[in-house]
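*Asks:* Could you put together the complete structure from these sequences and hints?
Now for the letters of each chain:
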Amino acid sequence: MHRPATWPRRPRNRKFQVTSMATAVLETGERETYLNREYGIKSWLLTVDHKRIALLYLMGITFFFFIGGFFALLIRLELLTPAGDLVQADTYNKLFTMHGQVMVFFFLIPAVPAVLGNFLIPIMIGAKDLAFPRINLLSWYLYIIGGILMVYTILAGGVDTGWTFYTPLSTEFLKTNVTTAALAVFVSGFSSILTGLNFIVTTHRMRAPGMTWNRLPLFVWAHYATSIIQVLGTPVVAIAIVLVALERLFHLGIFNPTLGGDPLLFQHLFWFYSHPAVYIMILPGMGIISEIVCCFSRKRVFGYKAMAIALLGIAVVGFLVWAHHMFVAGISLYAALIFSFLSYFVAVPSAIKVFNWTSTMYKGSISYQTPMLYAFGFIGLFTMGGLTGLFLACLGVDVHVTDTYFVVAHFHYIMVGGMVMAYLGGMHFWWPKISGRLYPEGWGRLAALLVFVGFNLTFFPQFILGYMGMPRRYWDYSHSPEFQILNVLSTAGATILAVGYLLPMIYFLWSMRYGKPAPDNPWNAAGLEWTIPSPPTTFNFEEQPVVTWEAYNYDELDQRREEVPVAH
Amino acid sequence: MSEHISSVKLYVGIWLALMAGTILTVVVAGIDLGPLNPVMALAIATTKAVLVVLFFMHVKYAHEKLTKLVIVTAIFFFLILLALTMADYTTRLWT
Amino acid sequence: MHTSPPATVEGEAHENPALLHHFATEEQQKNAASLGMWLFLITEIMFFGGMFCAYLVYRYAYFGDFAAASSSLDLKLGTINTIVLIGSSLTVAMAIRCAQVGKQKAIVGYLVLTIILGVAFLGIKAIEYKQKFDEHHVPGLANFHLEGHVPRHADVPVNQNHAQIYFSLYFAMTGMHALHMIIGVGLFAYLTYKAYKGRYGPGYYTPLENGGLYWHFVDIVWIYLFPLLYLIDRHP
Chain A
3 MHRPATWPRR
13 PRNRKFQVTS
23 MATAVLETGE
33 RETYLNREYG
43 IKSWLLTVDH
53 KRIALLYLMG
63 ITFFFFIGGF
73 FALLIRLELL
83 TPAGDLVQAD
93 TYNKLFTMHG
103 QVMVFFFLIP
113 AVPAVLGNFL
123 IPIMIGAKDL
133 AFPRINLLSW
143 YLYIIGGILM
153 VYTILAGGVD
163 TGWTFYTPLS
173 TEFLKTNVTT
183 AALAVFVSGF
193 SSILTGLNFI
203 VTTHRMRAPG
213 MTWNRLPLFV
223 WAHYATSIIQ
233 VLGTPVVAIA
243 IVLVALERLF
253 HLGIFNPTLG
263 GDPLLFQHLF
273 WFYSHPAVYI
283 MILPGMGIIS
293 EIVCCFSRKR
303 VFGYKAMAIA
313 LLGIAVVGFL
323 VWAHHMFVAG
333 ISLYAALIFS
343 FLSYFVAVPS
353 AIKVFNWTST
363 MYKGSISYQT
373 PMLYAFGFIG
383 LFTMGGLTGL
393 FLACLGVDVH
403 VTDTYFVVAH
413 FHYIMVGGMV
423 MAYLGGMHFW
433 WPKISGRLYP
443 EGWGRLAALL
453 VFVGFNLTFF
463 PQFILGYMGM
473 PRRYWDYSHS
483 PEFQILNVLS
493 TAGATILAVG
503 YLLPMIYFLW
513 SMRYGKPAPD
523 NPWNAAGLEW
533 TIPSPPTTFN
543 FEEQPVVTWE
553 AYNYDELDQR
563 REEVPVAH
Chain B
52 MSEHISSVKL
62 YVGIWLALMA
72 GTILTVVVAG
82 IDLGPLNPVM
92 ALAIATTKAV
102 LVVLFFMHVK
112 YAHEKLTKLV
122 IVTAIFFFLI
132 LLALTMADYT
142 TRLWT
Chain C
14 MHTSPPATVE
24 GEAHENPALL
34 HHFATEEQQK
44 NAASLGMWLF
54 LITEIMFFGG
64 MFCAYLVYRY
74 AYFGDFAAAS
84 SSLDLKLGTI
94 NTIVLIGSSL
104 TVAMAIRCAQ
114 VGKQKAIVGY
124 LVLTIILGVA
134 FLGIKAIEYK
144 QKFDEHHVPG
154 LANFHLEGHV
164 PRHADVPVNQ
174 NHAQIYFSLY
184 FAMTGMHALH
194 MIIGVGLFAY
204 LTYKAYKGRY
214 GPGYYTPLEN
224 GGLYWHFVDI
234 VWIYLFPLLY
244 LIDRHP
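So the protein lines, in turn, are chains A, B and C. Its first residue numbered 3, the first sequence is counted upward by one per residue in the working numbering. Its first residue numbered 52, the second sequence is counted upward by one per residue in the working numbering. Its first residue numbered 14, the third sequence is counted upward by one per residue in the working numbering.
By construction, these hints were calculated from the structure, which means they are not laboratory data. This structure is a prediction, so every number in the text was calculated from the model and none was measured. Each residue gets a CB set at the ideal place from its N, CA and C atoms; glycine is no exception. Worth double-checking, as some hints may not be accurate.
[Claimed, not checked] To give an idea of the interface, some chain C residues facing chain A are shown, with a C-beta separation under 10 Å as derived from the structure:
id, residue
1, HIS35
2, GLN42
3, GLY49
4, ALA67
5, VAL151
6, PRO152
7, LEU154
8, HIS158
9, GLY161
10, VAL163
11, ILE178
*Replies:* And the structure:
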């Protein structure tokens, strides 16, 4: 089947092709969509269609998710017994380092923005594409180049700095592949910067007539806030990592205490980005949850403006708290007090979000479909992760639990319990739009349940372990075998979690071929993305949409549905 | 983005001011102003930078506030980086 | 309402081949490009910002050694370079003005002048680097040595480690700046070629304007680097 090579190949200097509109029908009788418009590997690798780029990202991100997960599983297996019997200490150091680096830089940070954000933001605001489609493709290539460097690092023997590259360990003492790992993070950082830049410009410049700031879906607000952090924060970690590489290559002393440098300076520069990076990971997830909760409660979100301001508030306050990662590293006590105090402030906008989701559900007509199950999981687990974060913001408690499994459990509740839950919820919610197929609902609910149970079984014991004093990053705890029972529970949970993660991948792939064709709006949800066909056409909209309604107008939607019975 | 077209005279004037600032900062560096030394150097540099931003980069004529907001945001977060980092270094009880 | 795509999209595509398909109007495209460029520049502010932060920390800690090391730089060459770079900012501004008023040939002239000044800056910087190399002021090398004492404290010799940190930052900051200059020269060579082909005029000069923003930004970085690196505690 051959299509004339029109827009996706060379957008420049070509006039707009009227024939490529949504009503177009292929020779086979199928409706033309962004998926079947062109075939062949070139039509994917050189595409500038934001939806195709989103799918390219999806493949990369899924790949790295399973690589990172594989390392996690090895870590859990090693900790099944107190003795260090599965791997050597050095190998274990590499395992948790590469688990962290792969998961943070190649899964958590890009996952939601690069896949769902890329796919949905232009559609949600009524645009044909992101503002800079070619830069969008460039950022995917940067992500892939960074990814190849990471894979090279892994294959060449790994790296064991810890995901944080702390100096002078990373600059002076290690003989492993620190430089290539640093380069991988550096390059993928630029991918992240360009994505953020693209989203900000798109949100400002590409909104459809009537799509005012007060009508933006919270998903778009969340990505806007995320993008601010990406644009402002990522360059700082980029330069910090450049300095680490230079110090390694030329034996400089910027971070080397024996040469008059200060290792804590690296930590300042690193956490200036890497703390806000936590919000890069969680804010898009919050955007997803807002969409899902409204849809399955059939209500407008409670406190729309407060929700939007809270997203921006988290982004801004997130920049003021970074040194709470360094409380016991030797920073000034007075500075530690300031940072401890400021850290509490992040709780305010975060709590506003949790309260407002709950209030949105209050008296709503809730249905328990798969995306909503993930949303429930997110709200509960994020709350736990957030509250234990308050323990850590408190100077005294932090001294006790720093570098224990308490910290590990805390950030996994946010990252895995929060962000991965939201990502999966979002994938289920928008999968019919992305693929044009329905996934099997029963399997979906089962997987959501497995993920929730498996997650809690994996990470709740780690809170207790940490509070009892088990340090993180140890491969051998034979001096205190009483930790074993909780570690066994954790490893068992990780197995369930792994099954929970594999299931969606299997039935998503299955549904692409055998799933029922999805209607345009399977959830009867509000939002521009549900007004266009599933899957959408290359240019998203047949004609320029004009928005005359507020976001989440579920009252209107349901009223209209009652008046006009839907044919089944 | 501005459609504003500045006069040649204005550009040359700004250029002369920048040159004067450069000479001034070198001359002032030779005079001991005590704690005001770095303040003076940064004040001159900032004046020069503001001239470049406003006139050469046409921010003065931008017809929406967004450009200014973007610049101010960046400077704000840069100063946050400096201020909170120095909050640590200036108050350590050890060296 | 429309049943066909908005007329504006098709209509204006004929008028200006530079209008990309997903923008409705030229103004929208221009505004998007401009905002994108400014956002890129703030990432650059934060990128250099990390090094300025490191500089501030060590200047605060090792002020005397920084002053001694700073005095070893060639003030004359540094000043000349500042003047060269400021001159190039003027020529960039003039080139854009020529595009605005439609003087096609003058655009090329000013752009070529900009490139010449940019290359001159890099040449002078190379001479300074060579000097530092000859004087054994390159950090990380075994032969590093900075003679002398802390200014106005004849009894306090320069701490070699602290001086190395100064020179590490000096090379990192000026080196990163020079890298931006090299990219800028490459960018302007491309713009010159396009201008020579008659691509820019009153109707369309967005790449020129954005290239100019980049060049001015690199200039501003130098406006700060010059006093911070060359002029620490120079007075007698």
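*Asks:* So, for every hint listed, does it hold in this structure?
*Replies:* Checked hints:
1. HIS35: For HIS35 of chain C, the interface hint holds, since the closest Cβ of chain A sits about 4 Å away, which is under 10 Å.
2. GLN42: holds, 9 Å
3. GLY49: At about 5 Å, which falls below the 10 Å cut-off, the nearest Cβ of chain A leaves the hint on GLY49 of chain C intact, so it holds.
4. ALA67: holds, 6 Å
5. VAL151: holds, 9 Å
6. PRO152: Holds, because the Cβ-Cβ distance from PRO152 of chain C to chain A comes to roughly 5 Å (cut-off 10 Å).
7. LEU154: holds, 8 Å
8. HIS158: violated, 15 Å
9. GLY161: violated, 17 Å
10. VAL163: With a closest approach of 14 Å, the VAL163 of chain C hint is violated.
11. ILE178: Holds: closest Cβ of chain A sits about 6 Å from ILE178 of chain C, inside 10 Å.
Hint check: violations occur at hints 8, 9 and 10; the rest are consistent with the structure.
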